[in-house]
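The listed protein sequences derive, respectively, from chains A and B. Okay, so the first sequence: first residue is 1 according to our numbering, each after it adds one. Okay, so the second sequence: first residue is 1 according to our numbering, each after it adds one.
If you're looking for bench data, these hints aren't it; they were derived computationally from the structure. Please note that a few of the clues may not be correct.
Copies of one chain are not kept apart here, so a pair can be met inside one copy or by any two copies together.
[What the hints assert, rightly or not] Here are the computed lysine to any residue pairs in the SDA-like style, where the Cα-Cα straight-line distance is at most 25 Å:
(1) K58 x S71
(2) K82 x G47
(3) K96 x R33
(4) K82 x A19
(5) K82 x Q68
(6) K96 x R83
(7) K58 x F32
(8) K7 x G47
(9) K96 x W50
(10) K7 x W50
(11) K7 x F95
(12) K96 x R73
(13) K58 x R73
All values derive from a computational prediction rather than experimental measurement.
There are 2 protein chains.
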Amino acid sequence: MSDSERKLADIDAVFSALAHASRRHILLVLHFRGGEMTAGEIAARFGCSWPTTTRHLKVLLAAGLVLQQQSGRQRLYRLDRKRLDQVAAGWLKSFKPATRTDPGSMPPA
Amino acid sequence: MSDSERKLADIDAVFSALAHASRRHILLVLHFRGGEMTAGEIAARFGCSWPTTTRHLKVLLAAGLVLQQQSGRQRLYRLDRKRLDQVAAGWLKSFKPATRTDPGSMPPA
DNA sequence: GCCAAATTTAGCTGAACGGCAAAATATGGC
DNA sequence: GCCATATTTTGCCGTTCAGCTAAATTTGGC
């Protein structure tokens with residue numbers, strides 16, 4: 001996969017992940033609770049069933065917005081703030097009126 | 001609808017709209033062509049059929065990301081950069097490490 | 001008024017999505 | 001090894017979504 005294809009795919013994964021309110025919510029809760037929670041803590045805090053939450057986490061993981069780390073029989077999910085910033089905010093920067101034309105900020109998706 | 005409900009709905013509409021590559025693409029094309037194009041110019045530039053493009057435009061319109069203005073028998077679509085910035089970038093700002101706690105920047109969706 | 005152009009609406013179809021309950025898979029403690 | 005705990009995977013179902021073609025709508029020019 002070329003570099004720009006990779007970038008496109010990243011943007012797509014991230015924005016697709018952000019499209020669902022529950023997933024945005026998970027990210028926010030992670031953020032406000034210090035960036036790290038176990039799957040159980042996350043699931044407990046949500047209206048939907050545990051499997052549903054698991055799947056949302058999987059989407060976020062695939063988009064690179066959270067990172068997973070096993071600790072005993074529980075799994076820690078950690079927010080990747082940098083990725084959120086680089087991919088999502090990065091795409092939004094394309095619209096800044098006076099876009100500094102730094103190499104690699106041209107027409108993404 | 002309360003103020004925060006409105007905000008939530010805005011965030012949802014905007015991120016749902018941004019979830020599809022064609023719609024992101026439309027916004028970018030609009031941006032790079034000066035922020036204003038007719039429906040026909042937009043449709044001509046896309047792989048999918050005209051009705052499909054129309055529907056994408058409708059989604060963007062409902063999300064407030066573009067504005068519509070009739071001119072003769074064609075319709076001009078104009079990018080609303082401010083809305084993109086306020087809603088999308090606004091939500092992303094919740095994650096800034098040193099969040100200035102200005103009133104109204106608390107836990108959205 | 002009538003025709004052609006610009007765009008949207010209607011109606012359909014197949015694919016993707018989100019939800020759940022039930023089953024499966026680790027893993028730690030005894 | 002066996003049981004309980006933590007979490008994921010599987011299978012199923014109803015809804016939403018994106019695409020298409022064909023029909024409808026609106027508007028300008030004659």
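Alpha-carbon proximity context of K96 and R33, limit 25 Å
between (32 Å within a copy, 14 Å between copies)
Within a copy, between copies, both or neither: which one fits K96 and R73 at a CA-CA cutoff of 25 Å?
neither (46 Å within a copy, 31 Å between copies)
At most 25 Å between C-alpha atoms: does K58 with F32 qualify within a copy, between copies, both, or neither?
For K58 and F32, the Cα distance is within 25 Å only inside one copy (20 Å; across copies 35 Å).
As a check of your reading, is K7 near G47 (CA-CA no more than 25 Å) within one copy, between copies, both or neither?
This pair counts as between: shortest inter-copy Cα distance 21 Å, intra-copy 33 Å.
Same-copy or cross-copy closeness of K58 to S71 [CA-CA at most 25 Å]
within (17 Å within a copy, 47 Å between copies)
Pop the pair K82 and G47 into one bin, within, between, both or neither, using alpha-carbon distances up to 25 Å.
neither (28 Å within a copy, 33 Å between copies)
Go through the copies and call it for K7 and F95: within, between, both or neither, with a Cα cutoff of 25 Å.
Both. Shortest intra-copy (17 Å) and inter-copy (22 Å) distances satisfy the 25 Å Cα cut-off.
Between the shortest in-copy and the shortest cross-copy C-alpha distance, which are at most 25 Å for K7 and W50: within, between, both, or neither?
neither (32 Å within a copy, 28 Å between copies)
Between the shortest in-copy and the shortest cross-copy C-alpha distance, which are at most 25 Å for K58 and R73: within, between, both, or neither?
Classified as within: same-chain Cα gap 18 Å, cross-chain 47 Å, threshold 25 Å.
Classify it for me, K96 with W50: is the Cα-Cα distance of at most 25 Å met within a copy, between copies, both or neither?
neither (40 Å within a copy, 29 Å between copies)
One pair to classify: K82 and Q68, alpha carbons no more than 25 Å apart. Within, between, both, or neither?
For K82 and Q68, the Cα distance is within 25 Å only inside one copy (15 Å; across copies 35 Å).
With identical chains treated as interchangeable, where does the CA-CA distance between K96 and R83 reach 25 Å or less: within a copy, between copies, both, or neither?
Both ways: K96 and R83 sit 20 Å apart in one copy and 12 Å across, limit 25 Å.
Hint check: violations occur at hints 2, 9, 10 and 12; the rest are consistent with the structure.
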